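Novice: Those letters in the sequence shown? Residues 102 to 934, by my numbering.
Honestly, the hints are just simulated from the structure, not real lab data.
Computed from a predicted structure; not experimentally measured.
Fair warning: there could be bad hints in the mix.
[Unchecked claim] Simulated crosslink set (DSS-like; lysine-lysine; CA at most 25 Å straight-line): (1) K137 x K173; (2) K793 x K857; (3) K338 x K379; (4) K857 x K803; (5) K776 x K837; (6) K338 x K182; (7) K133 x K206; (8) K837 x K823; (9) K807 x K778.
[As the list claims (entries may be wrong)] Each pair of labels, with its calculated beta carbon distance range: (10) S717 x M805: 56 to 64 Å; (11) D124 x D897: 12 to 20 Å; (12) T390 x V538: 13 to 21 Å; (13) N439 x A389: 28 to 36 Å; (14) T329 x K193: 31 to 39 Å.
Just so you know, even glycine gets a beta-carbon here, dropped at the ideal spot from N, CA and C.
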Amino acid sequence: MRKYMFLLAVLLTFCTANAQILDPVHWSTEVKLISKNEYEIIFKAVLDEEWAIYSQTSNPEGPSPTELTFTKGSHFSLIGKVEERGKKKEAKEPLFDDIIVAKYKEHVDFVQKVKILDPSKPLKASVYFTSCNNSTCIPPTSKDFTIQVGGNAQPEASVNAMPISVGAVQDHAGLLDPVKVKASLTKEGDSKLKVQFKAIIDSGWFIYSNKIGEDGPIPTTVDWDKGTHYGFDGELKEFSDHKVTGFDEIFEMELIKYKEQVIFEQGIDVKDPKIPIKGSMTFQTCDATKCLPPKTLVFEINAQNGSIKMEGDEGGTGFLMPGEGGDGFDQTIPTVVNTLKNPIGQCGEELIKGTNHFWTFLFGFLGGLLALLTPCVFPMIPLTVSYFTKGSKDKASGLRNGLLYGLSIIVIYVAIGLVITALFGATALNELSTNWVANVLFFIIFIVFAFSFFGYFEITLPSSWSNKTDHMADKGGLIGIFFMAFTLAIVSFSCTGPIIGSAIVESAKSPIGPSIVMFGFSLALALPFGLFAAFPAWLNSLPKSGSWMSSVKVVLGFLELALAFKFLSVADMTKHWGILGYELFMGLWVLIFALMTIYLFGWIKFPHDSPIKKLSPVRWMFALSALAITIYLSTGFRYSDEYKSYHSLPLMSGLAPPANYNYFLGAPTVNQEIKSKYISFTKCANNIDCFKDYYEAKAYAKEMGKPLLVDFTGYGCVNCRKTEEHIWVNDRIRNKLNNDFVLVSLYVDDRKPLEKELISAVTKSTIRNVGNKWADFQIVNFNQNSQPLYVIMSPDEEVLAKPRGYKEGVDAYNQFLECGLTAFKSSHNIGSN
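Whole structure, please, built from the sequences with the hints as guidance.
Specialist: The following block contains the structure:
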């Protein structure tokens, strides 16, 4: 629980686009002579009212304890440990699950005694700390000091700290920086060094081992500039008490990763100490839902004096000042920054509605109506109603008992839906729609259900269950009525079970979907019992039980068989197996409905069917309907010149794989006229026209008079793939991306090197490759560094709608695109046509 509280604090740090920069701890230093060559170096922390800083010995499960480190050198030595002087208070920390922490308020001094051997050289030190008040924390921050003995020094500038407002909701603003790296160097002999990179990781985040396979996250690597002045003593080693090994749900592969803290260590053989040893450390960090772009930190080792400098404020042993080397590079676009606060279109993500539960209810209700027509349920209606009307003292009591029976059915089935949600959880149910293992399992289950409906075997619950409930029903009264309803639920399972299973799977995308679909199902099932109990004369109008009910089950079997391939298709597209392309899927559906047509015409039979002498008008109607569906499905093989693919059918949207996921049609060729002018023009996911360079996309959008959809993505971004595979494949979305927008996909983990290194004028970070460039572009303009991020802009670089991160749902994404498109047309006086 404590770890989740800390993760919540870190994630909610970035709560508004214009969050005030908090700096509640004010540092200064003082040097005191205590004897010959011995000094006290005092680091004074003065805190704003209500803020606290944490002791070095505070529980690390809570806010980060304060750490004071010195850059090693031969010109001084430390005496003893760091002493704390202040009013230390041990108390519960409400922001971290009320664990006991040790903290200081108002002020505290951290004191280190040192012996100075060469007063001409300054001391370098770093304080790593966090600070909290009753509702807010700043993330762990470093303050670096250069101290000349005999004088004071002010702390050097550190990273801006954004506020954590507990209880707030993360907006589209905020930069995540969950990993701090400190470098240290130890002499192991005259010519041997040991360099360590200590990664301190925020709770809930991970970085990855150097020893992981391909097709997953980027492993942690230490790369060295080539040279003959040094060599390696062994391989890169990893040390951590927080190693996590096993199957990773995000990347769906076996991984080795680390939480909280890990040390990467490399031994070095020095051959010429006069020449600096240079290199860089690259790592990627992810939490349970997202990954950040890879980060690279450059370092330089001076073997002569045994020191190491590391790029950026992350380095805890001294650092290269940002801006050294390379050219200044500012990608800030003022119009983007200004309109990000107030987009042209006052719509977008915050107006997007959630799931429409009416359709979930209706889906369950229709399933209940189908269940009524099965041989397990239909014959029970007259028997049960007759029991209530004939066995009751008067008409009123018969009506009451019948209504109570119907209400009991609703309670039982809704309770089943609630139990399913409680057992699996809303998140797990939500993931059913895309998890390949779950979808393969559903495929198998639906095949089994189909053959059960065909009459080859029965799926029943243990007979002891129905005997027990039947015995309880004999007791009478309210309890007896309830258990009569429970008996119905059990004995009818062979018919209702497959329908219930289908309904629950389809509704599981919503946390309360199973309960709603079960309410609709049970209401349809319960209505006849209540109505016929109220109006017993209606029983005479019911059709007689007979072979027609077996036909209903067989038709349901064909529907179950068709839906089974829908789940296999989801797994196939998720894992890129390529076994169930568009042609095979549509061919199977055409075959299934053709067989249903043949069955309804009476040309084939199943085990429980009786001979058919003459088709009834109702059966003729269903047979012709099945034939019409078969013909309609066959039109899905028409070729579309517009999309260079099959003409996908609107009614199959969300059921069939996208038309471009096929065997026989080659990938559409890129428009060579556009390609000759814009080199980055290409085909992105799902054969959608796109650019890989923002500036080329902007020029083309201006030329065509269309808005831009900027897609900040990554090759290792799982949620980006989910959007492409489950949202962009929808015909409505795909048509808009191809026809109404100019799409530009910017990969923040593209490691193609730039011609020369650049220095960001805003973040002061080094830009070495294409991914660095687009990651910096995202940060400086949108104050966001996680992917995916979708931004709709005009060619004049004005934000048209609130940017959108990863969220499921085709309808919501379509509203997002409509919002931006409407704002663009309004601002440019373009008609709706």
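Novice: Which constraints among the numbered hints does this structure fail? Numbers only, ascending.
Specialist: 4, 6, 11 and 14
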